Structures are given as structure tokens and as C-alpha cells.
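**Q** Please take these sequences and the hints and turn them into a complete structure.
Residue numbers (the numbering used here), protein chains in the order written: chain A, 1 to 322; chain B, 1 to 273.
In case anyone wonders, no lab produced these hints; they're calculated from the structure.
Small disclaimer: the values here were computed from a predicted structure and weren't measured.
C-beta atoms are modelled at their ideal positions from N, C-alpha and C, and glycine is treated no differently.
Careful: at least some of the hints might be erroneous.
[Claimed, not checked] Computed cross-link-like contacts, BS3-like style, restricted to lysine-lysine with a CA-CA straight-line distance of at most 30 Å:
hint, chain 1, residue 1, chain 2, residue 2
1, A, Lys33, B, Lys99
2, A, Lys104, A, Lys80
3, A, Lys104, A, Lys33
4, A, Lys80, B, Lys236
5, B, Lys99, A, Lys80
6, B, Lys99, B, Lys236
7, B, Lys99, A, Lys104
8, A, Lys33, A, Lys232
9, A, Lys232, A, Lys80
10, A, Lys104, B, Lys262
11, A, Lys232, B, Lys99
12, A, Lys232, A, Lys104
13, A, Lys33, B, Lys262
[Said to hold, decoys possible] Quick list of simulated restraints, FRET-style, between CB atoms:
hint, chain 1, residue 1, chain 2, residue 2, range
14, B, Arg267, A, Ala21, 25 to 35 Å
15, A, Gly22, B, Tyr33, 39 to 49 Å
16, A, Ala21, B, Lys99, 54 to 64 Å
17, B, Lys99, A, Gln245, 51 to 61 Å
18, A, His36, B, Phe193, 53 to 63 Å
19, B, Ala263, A, Pro248, 49 to 59 Å
20, B, Ser52, A, Leu157, 25 to 35 Å
21, B, Trp259, A, Leu157, 38 to 48 Å
22, B, Lys99, A, Glu34, 16 to 26 Å
23, B, Lys99, A, Val35, 41 to 51 Å
24, A, Arg128, B, Pro125, 16 to 26 Å
25, A, Gly22, B, Lys262, 26 to 36 Å
26, B, Ala263, A, Gly48, 36 to 46 Å
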Amino acid sequence: MIEVSGLTKTYRVPVRPPGLAGAFRSLFSREVKEVHAVSGLDFRIEAGERVGFLGPNGAGKTTTLKMLSGLLYPTAGTLKVGGFVPQERHPSFLQQITLVMGQKQQLLWDLPASESFELNRAMYGVERSEFRRTLDELVAMLRAEALLERPVRNLSLGERMKCELIAALVHRPSVLFLDEPTIGLDVEMQVQVRQFIADHNRASGATVLLTSHYMQDIAALTPRLLIIDEGKLRYDGALEALSRQVAPERRVVIRSVVPELLALGFEVQGGGMVATVPAGETNGLIQRTLALAPLVELGVEMPPLEEVIGRVFREGRPGGKR
Amino acid sequence: MRALRADSASQIVHALRAWPSIQQVAFSGMVAYRAEMVIWVLSATLPLVMLSLWNSAAAAGPVGGYGQVDFARYFAVNLVVRQLTGSWIVWELNWNIRKGELSPRLLRPMHPLVYNLCETFAALPFRAGILVPLVGVLALWRPELLFVPSFSAAVGFGVALLLAFVLAWTIQAIFGMLAFWFDQSMGFWSAWFALWAMASGYFVPLDLFPEGWVDFFRLLPFYSTLGAPIDVLLGKASMLSVFTGQVAWVVATGALAAWMWKAGIRRYGAVGA
Numbered sequence: 001m002i003e004v005s006g007l008t009k010t011y012r013v014p015v016r017p018p019g020l021a022g023a024f025r026s027l028f029s030r031e032v033k034e035v036h037a038v039s040g041l042d043f044r045i046e047a048g049e050r051v052g053f054l055g056p057n058g059a060g061k062t063t064t065l066k067m068l069s070g071l072l073y074p075t076a077g078t079l080k081v082g083g084f085v086p087q088e089r090h091p092s093f094l095q096q097i098t099l100v101m102g103q104k105q106q107l108l109w110d111l112p113a114s115e116s117f118e119l120n121r122a123m124y125g126v127e128r129s130e131f132r133r134t135l136d137e138l139v140a141m142l143r144a145e146a147l148l149e150r151p152v153r154n155l156s157l158g159e160r161m162k163c164e165l166i167a168a169l170v171h172r173p174s175v176l177f178l179d180e181p182t183i184g185l186d187v188e189m190q191v192q193v194r195q196f197i198a199d200h201n202r203a204s205g206a207t208v209l210l211t212s213h214y215m216q217d218i219a220a221l222t223p224r225l226l227i228i229d230e231g232k233l234r235y236d237g238a239l240e241a242l243s244r245q246v247a248p249e250r251r252v253v254i255r256s257v258v259p260e261l262l263a264l265g266f267e268v269q270g271g272g273m274v275a276t277v278p279a280g281e282t283n284g285l286i287q288r289t290l291a292l293a294p295l296v297e298l299g300v301e302m303p304p305l306e307e308v309i310g311r312v313f314r315e316g317r318p319g320g321k322r
Numbered sequence: 001m002r003a004l005r006a007d008s009a010s011q012i013v014h015a016l017r018a019w020p021s022i023q024q025v026a027f028s029g030m031v032a033y034r035a036e037m038v039i040w041v042l043s044a045t046l047p048l049v050m051l052s053l054w055n056s057a058a059a060a061g062p063v064g065g066y067g068q069v070d071f072a073r074y075f076a077v078n079l080v081v082r083q084l085t086g087s088w089i090v091w092e093l094n095w096n097i098r099k100g101e102l103s104p105r106l107l108r109p110m111h112p113l114v115y116n117l118c119e120t121f122a123a124l125p126f127r128a129g130i131l132v133p134l135v136g137v138l139a140l141w142r143p144e145l146l147f148v149p150s151f152s153a154a155v156g157f158g159v160a161l162l163l164a165f166v167l168a169w170t171i172q173a174i175f176g177m178l179a180f181w182f183d184q185s186m187g188f189w190s191a192w193f194a195l196w197a198m199a200s201g202y203f204v205p206l207d208l209f210p211e212g213w214v215d216f217f218r219l220l221p222f223y224s225t226l227g228a229p230i231d232v233l234l235g236k237a238s239m240l241s242v243f244t245g246q247v248a249w250v251v252a253t254g255a256l257a258a259w260m261w262k263a264g265i266r267r268y269g270a271v272g273a
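**A** Structure representation (C-alpha cells):
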């Protein structure tokens, strides 16, 4: 469904020294700096996959999504989405995709969201009966019945995002590019949006490529990860495999504080205790723990995803390329 | 080439099918911004101010062949042409490009310029609705300005008005697209507007200028967007020369606009996609 090879994007950004002298100098000679936003990306995504696209700020995630959706022209490399070259923006290609940007909106600001939906219906040439059916489905999934007739400017951030998602999906695209769709939303709304994306993917079989700063989005939605940093692909593979590879330790967690367990390497954290050990030593630690405190409530966890990803960024490419 | 023609034809069919919904949404937008819209439209009624000036000047006798009724007729038609050829695309494109708001429009399977054209057409009934009372008041003030044009003048006026609309819209689009290259591109538009107001016949009927200047001004695009349809309706210029000039400018500016769009969209990422 998505094929990317050697994808590169270099921006030429004007640079101006600060102050009046700098402004005056820039009148006569304009200095331009090259910013390599994306450098030689290669990956392939099959139809129906859900893939998380992770990276620190400025890593090149949004630039890549914009190239995949045809908004930006690549400087080099090739890419195909659903058999189309995105930057040609063929109408049949645009019918297949959607791009939701958490920080930009397509809804008409001063009109009720229903007007934007109707506009999209007309623009995408969706038959009215099919539109009605899709809209009813989307509205029910997002529990957005009360939002449709209120001017967009009067909606909260989370309500607006629900309407953005509806507007983006009324033409039933087969490829969803989601750029931080949960940014700025409260926890409850994040859960709703996450659930909606998962349900929609299951029901429609659409391919999903999602960027997010919230690791819960990634953990809940995308079995496969692409990690990008400084425009280069650092990891492409399963989330679990990454955890095993980068953080091969486990956290043994006890829900209460038992002072005797300090001797086994446990540390007090909040109202409980935690010990971090290599995965192979987990069973031994559990046996020793239960020998000292047979009645404790005990669990084993992978390291938090934030920590795993942080290590990839700090320590470089883990070598997990598909 | 055949594929290009097929694409263009399918875009037109698509736009026609989408037209009622675009019209409805654009009208809702105008209702939401009704106060701003009325002020915008009224701001284009400068011909009425110019009429009052020239009316005073002609009180003692005709000025350059124009009596008070001639001025009233000229500026009434001027007002109509100005309103019916107006659009907001220069401001919209400029804003959308600089703020990255072109992106959602680029993602839809309708060319953003075709969409804007639909929106501009959608505003025409609103503009016409404001024109009717204005012209009505003028006619009450000076009933002699009303006249029945010949059939050929009426048809010629329709054609010249349509060409003027296309040309004015294309020129605005060109200035709007300068935002792909310049941060403060509206300065170019302000300079253009100042020249246009002088050389299009907006402030002064062009035949009040010295003879050499009139011929020169009639060769420029400014005239084709405003003075040309007025002159056709009032029988002051040959239709053939007017249409030839208008078509030439439509073709030239259309080619430039198409090139600018193609080149500009490649640069779009650099300015805020």
C-alpha cells in the first residue's frame, strides 16, 4: 500500500542575523541554510497495517506524512501510496487518503461542523445515501451527536478533534495519515479517540500511519513502529521486539512495602516496591521474593515505553530493521 | 495532452456536481460574516463618491463631452461591473499559503482554484442583492441615467463582463500566489490596485485623458477588467477591439497563473505547509 525508497527532503531556509544591521545586510545578500528534514527513508507498509511513527520534535515525522499525502515534493527518492505518486495529487489518489493534523484544522471555523461535512461530501462526490450512512456510523462511534449543529468555534479542543476525524473520514479513505490526533486532549478524550481509531481500522481495514508524542497512543494502536530521528530511520519492527532488544530487563512490582525485600534489590516507589532485573533473572527473583514474603501481591512489567524509546534516541539505531 | 483534457473535463463536471453544496456552504459563510460582507461590498462603492465629484464638476457644463447624466450613467455601470467582477481570492490565497491553510484544500479532490472560483460565483447573488438598492437610489436621484441598450450592446456587455470577471479573478490569483515566494506579497497588490484605479476607468472615464494616453491605457490589462465592459454597453469602443484585448489578456494571465501555481506549489513546503 505504501512504498518509500530513499525518501529525502531538504528545506532551504533563509537565515538572517539578528538586529538592524542583520536586517540591512539581508537586503543585499540573503544567506540560505539547508535543513535536512528527511534523509534516505526506506520502508513499506501493507494494506490494513497500523503503524506508529515515532521521533523527537524535528525528527522528520510530519514532513514524511506530508510527502506521503502529496502536500510536499520530495527532494529525492521515490514513494508510492496505493499505486499513486502522491505529489501528483491525482483525484483518485486524494479519494483514497486522508490526513488529520492535530495542530491544523479543515473545519470551517464559524459554521456548524455539519456544513464542513456536507462540503466534503460534495468535494469527494459521495452519494447522499452513502454519506448519511457513513456519517451516522462515525457520529455514533465518536458519540458526537450533540456537536454537529454548533459553530466549530464554540467546540472544545476534544470536540473539534472528533469533528475533524468525521470530516476526514466521510469519504471512507483506505489510508489514514494521523499526525498527533490526540495532542492537547484530556485523558478521557484521548481514550475515546484511540478507541475510535482502533474500531475504525477493524471495521474498514484501512491502513493507519500515526504519529504521536503520547506513548499510550502507540502502545494501544500500533503493533509496528517506525522510529525516526534526525530524518533517518532508526527502527522498523514490532513494539515488543524493540522492548526486548533495547530494554531486555523486567520490572517486578509489589503493591505494598515490605522492608525485608530491600535486601533483594527492591526500591520503594509510591505505595509499593519495584526491582529491575534482566529478563532471565525474573523467575529467580520472584521465587526469592515469595520465600521472604509469601502473601505479597506481585506483578511483572516491561519497562515503560517512554523509557524504551528514549534509549533508542540516546543510544542510536538498535538494528531492528525489517 | 488527451489525459490533461480528460482531467480538466472531469474537474469541470465534478465542480458542477458539487456546485449546489458549495453554493449553500458559501452562502452560510456569508450569512455568518454578514456585517463584514456588507462593509466589504460597500467599500467597493467608490464610484459613487467619484460620481458626486464629477457631478459637481459638470454642473456648469459638460466636461470632456460628459454631462451630468453621462457621468451618472458611467459610474452606475462602473459600480455594477466592479461588483460583479469582484472576488476575494488575492486575500484568501495569501492567507492560506502563508498560514498553511492551503493544505486541507490541497488534500481534496477538487483543485483549490476551482473551489475558489465556485465560492466567488456563490457570492454573486449576495453582491447583486446589494447592487439593486444602490442602483435604485441612483435612478431615483437621476432617472435619466436609465436607458435601454441595443440588443447587440447588451449581449456584448454580457460577454465583456464575463471576460472582465475571468481576467480580474486571474490577476487577483496571480498576486495571491506571490505569497509562495514573498512574505509580504500584499504590498505588490496595493501597488497594482493604485495603478488599476487610475488606468482602468475606476476614478475617471478613460476618454477624459489626453488622446495618446487613452489608446495606451486601453492596451493595458487594467482597462480590460473594468473600462472595457462599460465602454461596450455605452457604445464608446468597438466590441472587436475590446474582446481582442480581453481575450489576449485572459490567455496571457491564465498561462502565467498556471505556471505560477505549478512552480509555487513545489515551494509550498518552504512557506508553511
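**Q** Look at each hint and say if it fits the structure.
**A** These are the hints, each one checked on the structure:
{"no.": "1", "hint": "Lys33/A with Lys99/B", "verdict": "holds (22 Å)"}
{"no.": "2", "hint": "Lys104/A with Lys80/A", "verdict": "holds (25 Å)"}
{"no.": "3", "hint": "Lys104/A with Lys33/A", "verdict": "holds (26 Å)"}
{"no.": "4", "hint": "Lys80/A with Lys236/B", "verdict": "violated (58 Å)"}
{"no.": "5", "hint": "Lys99/B with Lys80/A", "verdict": "holds (28 Å)"}
{"no.": "6", "hint": "Lys99/B with Lys236/B", "verdict": "violated (45 Å)"}
{"no.": "7", "hint": "Lys99/B with Lys104/A", "verdict": "holds (10 Å)"}
{"no.": "8", "hint": "Lys33/A with Lys232/A", "verdict": "holds (19 Å)"}
{"no.": "9", "hint": "Lys232/A with Lys80/A", "verdict": "holds (19 Å)"}
{"no.": "10", "hint": "Lys104/A with Lys262/B", "verdict": "holds (24 Å)"}
{"no.": "11", "hint": "Lys232/A with Lys99/B", "verdict": "holds (28 Å)"}
{"no.": "12", "hint": "Lys232/A with Lys104/A", "verdict": "holds (25 Å)"}
{"no.": "13", "hint": "Lys33/A with Lys262/B", "verdict": "holds (24 Å)"}
{"no.": "14", "hint": "Arg267/B with Ala21/A: 25 to 35 Å", "verdict": "holds (28 Å)"}
{"no.": "15", "hint": "Gly22/A with Tyr33/B: 39 to 49 Å", "verdict": "holds (40 Å)"}
{"no.": "16", "hint": "Ala21/A with Lys99/B: 54 to 64 Å", "verdict": "violated (30 Å)"}
{"no.": "17", "hint": "Lys99/B with Gln245/A: 51 to 61 Å", "verdict": "violated (42 Å)"}
{"no.": "18", "hint": "His36/A with Phe193/B: 53 to 63 Å", "verdict": "violated (41 Å)"}
{"no.": "19", "hint": "Ala263/B with Pro248/A: 49 to 59 Å", "verdict": "holds (52 Å)"}
{"no.": "20", "hint": "Ser52/B with Leu157/A: 25 to 35 Å", "verdict": "violated (51 Å)"}
{"no.": "21", "hint": "Trp259/B with Leu157/A: 38 to 48 Å", "verdict": "holds (41 Å)"}
{"no.": "22", "hint": "Lys99/B with Glu34/A: 16 to 26 Å", "verdict": "holds (24 Å)"}
{"no.": "23", "hint": "Lys99/B with Val35/A: 41 to 51 Å", "verdict": "violated (21 Å)"}
{"no.": "24", "hint": "Arg128/A with Pro125/B: 16 to 26 Å", "verdict": "holds (24 Å)"}
{"no.": "25", "hint": "Gly22/A with Lys262/B: 26 to 36 Å", "verdict": "holds (34 Å)"}
{"no.": "26", "hint": "Ala263/B with Gly48/A: 36 to 46 Å", "verdict": "holds (38 Å)"}
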